[in-house]
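Participant: Sequence:
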Amino acid sequence: GIDLLISGNITQSQGTGSLSTAGPGTIQISGNASYGGSTIVTQGNLVVSGSLSATASVGVASGANLEVDGMTNSAASATVDGQLSGKGSVGPVNIDSGGTLAPGLSLGNTTPGVLTANGNVSLTDNSSIFSIRLGIVSGANGGNDQLVVANSGTVSLNGATLQLTIGGFLTAADVNQYY
20 GIDLLISGNI TQSQGTGSLS TAGPGTIQIS GNASYGGSTI VTQGNLVVSG SLSATASVGV
80 ASGANLEVDG MTNSAASATV DGQLSGKGSV GPVNIDSGGT LAPGLSLGNT TPGVLTANGN
140 VSLTDNSSIF SIRLGIVSGA NGGNDQLVVA NSGTVSLNGA TLQLTIGGFL TAADVNQYY
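To convert a position in the sequence shown, counted from 1, into my numbering, add 19.
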């Protein structure tokens, strides 16, 4: 569940402002956060169902999770040592050693989703994980999580580990589509 819900707008009156989370709980931002500094998830979960429209950069520490179901600034690079998940829109993404990219995954929601990266996506090495769920609900092309890379971005896997979660709705035809 959500431990703290911030439904109003977060603004700054002077300077650039920044947001850093601490502690094991879950914080959800459903409003617009328009501060211009960094967003750092050091522990626990930060769920962005609204927007981080002006944040300059995004960082996710090991063991922490950033779920973006809304959007972050499309120019703000995300450096992830923990997990980046969700069904929203982010800027360029770098998944460091031990980090996980889980497009479509949302806390408490079992339906598939699409995470859009506005720029390059890079998984650093074989200890980085690219996690996808296939066949989790029935329906043509509707049962799979997806990563969309926009703005002429590229994906560099660099030997990353592909972690597939296979649901009960994956058919033989689906398997042939992916292999």
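Any given hint could be a false lead.
[Claimed, not checked] Across the chosen pairs, the derived CB separations fall in these ranges:
#	residue 1	residue 2	range
1	30	178	38 to 46 Å
2	55	146	26 to 34 Å
3	187	61	19 to 27 Å
Rather than coming from a laboratory, the hints here were simulated on the basis of the structure.
Since the structure is predicted, the reported quantities are computational estimates derived from the model, not experimental observations.
Where is the CB? At the ideal position from N, CA and C, for every residue including glycine.
Participant: Against each hint, give a clear statement of whether it holds in the structure.
Facilitator: Quick rundown of the hints versus the structure:
In this structure the hint that residue 30 and residue 178 lie 38 to 46 Å apart at CB holds, the actual value being about 42 Å. Range check, residue 55 to residue 146: about 33 Å between beta-carbon atoms, so the 26 to 34 Å window is met. In this structure the supplied range 19 to 27 Å is violated for residue 187 paired with residue 61, their Cβ-Cβ distance being about 37 Å.
Consistency with the previously given hints fails for number 3 only.
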